Structure formats: structure tokens, C-alpha cells
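**Q** Top line first, the protein sequences correspond to chains F and S. Residue numbering for the first sequence follows our numbering, beginning at 1 and increasing consecutively. Residue numbering for the second sequence follows our numbering, beginning at 1 and increasing consecutively.
Misleading hints may appear alongside valid ones.
Said to hold, decoys possible - Simulated crosslink set (PhoX-like; lysine-lysine; CA at most 25 Å straight-line):
id, chain 1, residue 1, chain 2, residue 2
1, F, K191, F, K107
2, F, K126, F, K191
3, F, K78, F, K166
4, S, K158, F, K126
5, F, K187, F, K78
6, F, K126, S, K71
I should point out that these hints are in silico values taken from the structure, not numbers from a laboratory. Just so we're clear, the structure is a prediction, and the values are computed from it rather than from any experiment.
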Amino acid sequence: MTEMTESLPDVPMETAPASRAVLIWRAIFILVPLVFIVFLALRLGTAKTEHRAEGLAPPLEFTTFEGETINLDDLRGKGVVVNFWASWCDPCREEAALLESTWRREKGNGIVFLGLDYLDQEPAAKDYLAEYDITYPSGPDLRSQVARRYGISGVPETFFIDSEGKIVDIVVGPLTSQAQMDSYLDKIRPKEK
Amino acid sequence: MKIIPIRIIRVLIFLLLLASFTSVALAQTPTPDTSAITADQVNEVARGLWCPLCNGVRLDACELKACDQMKEMIAIKLAEGVGEEEIRAYFLDQYGPQVFGEPPREGFNWLAWILPVLGLFGGGLFVWFVIRRMIQPYPVAPAAPPQTAAQADDYSQKLEQELSRYD
């Protein structure tokens with residue numbers, strides 16, 4: 001038996017160029033997804049929350065249902081409450097009356113309320129505004145551009161922005177009481193000169 | 001004091017009433033009657049759209065309130081005689097490209113379109129190389145030259161000698 005095995009021709013199992021090619025392919029298959037994942041992670045980490053990381057409110061501009069254009073930069077010097085809502089959102093209904101009554105009370109005190117309607121339809125949104133008699137500026141967040149910039153996790157979500165344009169507090173979910181609302185408003189109230 | 005003739009007063013009242021009715025009529029934008037639009041017609045359009053709140057759920061299959069509102073809007077648009085492409089464009093303006101269930105073909109999002117194709121191409125090449133190597137004929141030793149009659153006799157003699165040792 002041994003003699004027979006020895007007598008077989010000496011054939012290399014794998015040639016050197018072939019094994020090199022396999023190594024290169026393996027490296028490509030590992031490196032390409034790895035580079036992509038790192039690139040994606042870096043981009044996701046920086047793109048969304050540049051302003052928020054510095055505590056500044058991201059740019060905000062929208063047109064209300066009445067056709068008025070609102071820009072956050074124009075409201076510098078005032079405390080701003082930005083509320084993301086939707087007509088299909090039941091928890092939004094829990095805070096709607098509180099938002100409106102507080103707006104009516106505070107509009108002369110340098111506080112502005114803004115409503116951004118998230119992923120909604122205009123007829124339903126207008127019915128909602130009429131139902132709760134909402135008078136503060138409210139409009140659709142078209143293509144969810146503002147929602148993405150602010151990185152909201154859902155609706156309702158409320159941002160309290162001070163007179164210098166810095167986000168002081170974020171409330172995820174409905175505001176439940178006047179005391180809770182007032183405690184946030186006190187933080188963004190413009191300082192009297 | 002000059003008295004205004006009753007005829008002029010009547011005309012003025014008529015004009016006033018007409019103006020008030022016209023303003024009321026113009027202020028109201030009546031919702032078109034959607035009763036003639038069937039669920040199948042709505043779903044035909046909805047099948048091409050995706051729920052903006054769920055992941056991977058088509059609008060026609062979604063039961064969220066937000067999606068019901070979208071379907072109602074489709075019915076309204078269809079009743080107004082708006083075509084499917086215009087309805088799709090409307091939802092694109094409202095919700096962005098996510099409503100089409102595909103990433104927009106711009107900027108960084110191009111990667112989502114290019115990478116699968118590159119991956120498929122690279123994978124295909126890899127498989128092709130591997131298969132080619134697998135089906136390559138195994139290298140065989142060169143065939144021994146045919147034996148001459150004398151060599152064959154020698155071999156027979158040797159074999160006989162070896163066998164005789166065991167007798």
C-alpha cells in the first residue's frame with residue numbers, strides 16, 4: 001500500500017495564485033461591508049443632531065394652515081414651545097386643551113406656542129384644530145423635515161426653547177397638568193430687562 | 001329730508017342678501033361626494049403607497065387611523081377626478097419618499113441603490129471563480145509509455161519469481 005501511495009505523482013493541492021485570489025476575495029467581502037457600516041454609523045451620528053448636541057434648537061420654518069410662514073429665528077428673544085401633534089394621535093388630545101389655554105394666558109408674556117402637524121391629513125388636522133379651538137400658529141410638517149431635524153420619537157412631543165434659541169427641555173408624551181406646564185415655562189420665560 | 005325710494009331699498013336688500021350668500025358659498029369648500037368611489041378603487045392606489053408610520057406595511061393593508069385618513073384622502077382625490085400619479089405626487093409632498101417604500105435617488109441614499117447591485121455583481125464573480133476552480137480537471141500524471149514485448153517478458157519473469165517464493 002505504502003509503495004503505491006508513494007508512486008503517485010506529486011500534485012499540489014492548491015496552486016499559489018489561486019489561493020491568493022481567494023484571500024483577496026475574502027478580504028473584499030469582509031472589508032467592503034465593514035467600511036460601509038462604519039461610514040453609515042459616522043453619518044447617522046453627525047447628520048441629525050448637530051444642533052441638538054450643542055443644545056441649540058435646529059432650524060425651524062413652516063407654513064401654517066392659514067398660510068403664514070413661521071421661522072424660529074424671527075422669534076429670538078421669546079420663549080418658544082414647539083409641540084408636535086397629529087389628529088390621529090389620542091394622547092395629543094389629552095394635552096390639546098391645556099396647550100391652548102396656556103397659550104391664551106401667556107401670549108402677552110413673551111411666550112410663543114407653535115404646533116407642527118406630523119404625518120397627517122389637512123382635513124382631519126383642521127377638524128382637530130376646530131374641535132379644540134386652537135388659535136396658536138399650527139401647520140403641517142411637510143415631509144417630516146422638522147420632525148427629523150428635531151429627532152422626535154413620536155407624537156406628542158414638546159420642545160421648550162429659551163429666548164436664546166436653546167432647547168431647555170423636551171417632553172415626550174402628553175403634558176398632563178398646568179403645574180407641569182408652568183414649571184417648564186418658567187425655564188424659558190424671557191428675562192425682564 | 002330726502003326719502004329713499006322703496007324700490008332702491010329693495011334692490012339694496014337684494015344685493016346685500018346675494019353678497020352674503022355668495023360669501024358663505026365661497027367660504028365653504030364642500031368635500032366631494034365619495035360615495036361613488038369603491039374600496040377597490042381606493043385600494044388600487046393605496047397598494048402603491050406605504051404606511052408612513054409602520055415598517056414595511058402597505059397602505060391598503062394598514063389599519064392605523066392615520067392610514068384610514070390617507071385612504072379617505074385618496075377617495076376624495078379620486079372623486080375630484082385626480083389621477084393616480086397626481087395622488088402619488090400629493091402624498092410625496094406630504095410625507096416624503098418614505099411613502100413609496102423606497103429611498104430617494106439622491107445624495108447619500110444612492111448607496112442603498114448601488115450597493116445591492118455591487119454586492120450581487122461581486123458575489124456573482126466570487127461564485128463564478130469558486131465554481132470554475134471546482135470543475136477544473138484534476139492534474140493527472142503523464143501516461144506511461146507503452147511497454148515493449150521484452151519489458152513485458154521481464155515483468156512476467158519477475159512476477160513468476162516472486163510467486164515461486166511463496167510456493
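**Q** When the structure is checked against the list of hints, which entries are broken? Sort them ascending.
**A** Of the numbered hints, 2 and 4 do not hold.
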